[in-house]
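Required output: the full structure, derived from the provided sequences and hints.
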Amino acid sequence: MPDVEFTLEYPYTRTTGPVIGPFLTGLRDGHILGSRINGRVYCPPLEYDPETAAPVPVDLVEVGPGGVVESWTWVVETTPKHPFDHPFSFALIRLDGAATPMLHAVDGRVTKGTRVVARFREERVGAITDVYFVPEEGAPPQAPIEPGAEPVRLTTHLISLPISEPLQPARARFVQGLIEGRIVGQRSPATGKVYVPSRGYDQMARAEMTDADDVELPDHGAVSSFTIITPVRYYGQKETEPYIRASILLDGADSPIYGVDIRDIPPEQFRVGMRVRAVWRPPDQRDPSGFDNRQGGNWEQFIERWEPTGEPDADPAKMQEYVF
Amino acid sequence: MAFPSREVAIVATSQTPSYRHFDGPEPVLIMRCVNDLLATTGLERDDLEFTIAGSCDYLSGLPFAFVQNIDGVGAWPPVYETHVEMDGAWALFEAWLRLQLGDIDVALVIGSGKSSPGHPREAFPLQTDPYVLAPLGLDPVSLAGIQARCLIDAGKATERDFAAVASRNRRDAMGNPNAQVTGDRSVDDLLKEAYVCEPLRRHDLPPISDGAAALVLVAGPRARDLVERPAWVTGMDHRIESHHPGLRDLTTSPSTALAASGAGVGDGPVDVAELTVTYSPEEIVLREALGLGDGVAVNPSGGPLAGHPVMATGLIRVIEVANRIMAGSAQRGVAHASSGPALQQNLVCVLQGGE
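Each protein sequence line maps, in turn, to chains A and B.
Quick note on numbering: my numbering labels position 85 of the first sequence as 328, and the sequence is numbered without any gaps.
Quick note on numbering: my numbering labels position 241 of the second sequence as 326, and the sequence is numbered without any gaps.
Check before you lean on any hint, since a few could be wrong.
Not the full set, but computed from the structure, chain B residues with beta-carbon under 10 Å of chain A [what the hints assert, rightly or not]:
#, residue
1, M116
2, Q153
3, Q232
4, V381
Calculated from the structure, these hints are not laboratory results.
Computed from a predicted structure; not experimentally measured.
Beta carbons: idealized from backbone N, C-alpha and C, even for Gly.
Below, the structure written as structure tokens:
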């Protein structure tokens, strides 16, 4: 079973406010601004007095572009989130005219007291990454900078974290079962309840389960709950027609499988208690990709559709405990 | 009303080993601790009147992982339950406050985390300033490197001192069955390693770990009923410094000193201290801020350099001190937890055995 690989992403857009806005605008336009508070100049600039936390009037002054290194680390092992893909220095840099140092990246080796100078990147978007520093001695010339038109009022930050882990053991056996056309659940040794898919434990009894607790369930059961989803349009929406998403209590199970797409039973005929059975995809069309360690199942990747068996309905009242 | 108005004690603790990778789900780690605590105390699940957990969904990458973690406690029947997106030591702080209200007596405190699925050095920049630091990918290893350099330049420590901290912790960890990084390696041997972020080498960094820890906190006479020698919480405080590293003196930890004062560290002798030394230079800063003399045993468990299940690491410090007090091998001890890069936020807890 291959590792679960995915990227957790949250795209953030933030307003910049009266101090960070001009600061980021300055970076885009080739200037570094500090804020003067009670006679001291802070860079990065602040909206408040760091001694008292009281709000202060906006009083921005230009600092740098040169400065002196107060402390540093030589980053030998870099991460993909760093400004450089080769070893570089993170340093506390006190820019000329500022009283406090700013933490930033230097493309090159430095030590305490080294003079560095800002270099603005060719492509600038109004972000702290528009600039980096180089040792002043032998610094390449700054390319000409074309100021932007509008002040920077928004900044975007894409949080993007790569995640990789094996399928958890119970989950891996469940997915392997689906590949083979079997539905594998687990019977709790503590309560006798049958969970499918199993989380690898009985959460009601706080009891762990092992492969000795695996049980195979039939691929038929009764509808225990459903909702009809009417697609609304949004970015990335692929659905156009209403469809059913159902929970099905497989015969012999004590927990329903849920999130099951029903595409070809008309909504007006669909009902709680309806007996249904799985129509499996041919073995070469069963697709385990995208399965992760969450509890839902991408059932449609293994089961083409669910069809009514024509048997008499199960008692809907008895389904109330198995909604989700 | 004097505060704290109620005496509160730790009566039982549990922790999983620190795993490089635990192949089961995070709730199982918690479940093992909870089952262990119930067996030790003889309490039933229903006796736990308030449950609070510290964890972070960013670590395992599963949104709402903290909700599923309740599986490890048993979600039925319902109790007062809450969560902090912080180390379990801060969950302990909230539970301690909660018990002061006087209407309930028994709280379960949990800290858990699985860092192995992700890349901690990529996730942790997200706790820094989102405008001027996070976009640089400023990670805690790099910041610890800068802090280490500040200590060296101030004449407070050398790379050899850092290696000595790592060497001692790994050796002490050999006696800790829950430790992940152990071994007897000399300082000279460690100093031959390559830098990760100069002046820090691999041994100055914590391992990547999965794990959980939990404890039962009980107010008043019930604590004495449950266990012969509870570990009384005599003081707890936490303080924070600026999120701009340039506005801090990284060679000291004024927030730790303030929290230590608030928690009453100096009110009596200290037999043992368990400190959240995530990077070896931090031990030098923390010893000074807490006023711990050379005679105080610091991190006899091996500390976070030997096992670092993020979000449980700080709570484990409390547990290591509490265990020694409950066992009678220490009378008074200090536990320290930290959050944020380069010791930005610090919690200090003082524990004491009965008179």
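Verification of the hints:
1. Given hint, B:M116 at the interface with chain A, holds; its Cβ is 5 Å from that chain's nearest Cβ, closer than 10 Å.
2. At about 8 Å, the closest approach between the beta carbon of B:Q153 and any beta carbon in chain A falls short of 10 Å, and the interface hint on this residue holds.
3. A hinted interface residue such as B:Q232 counts as satisfied when its beta carbon comes closer than 10 Å to some beta carbon of chain A; here the least separation is about 8 Å, so the hint holds.
4. For B:V381, the interface hint is violated, the least distance from its beta-carbon to any beta-carbon of chain A being 29 Å, above 10 Å.
The structure fails hint 4 only (numbered hints given earlier).
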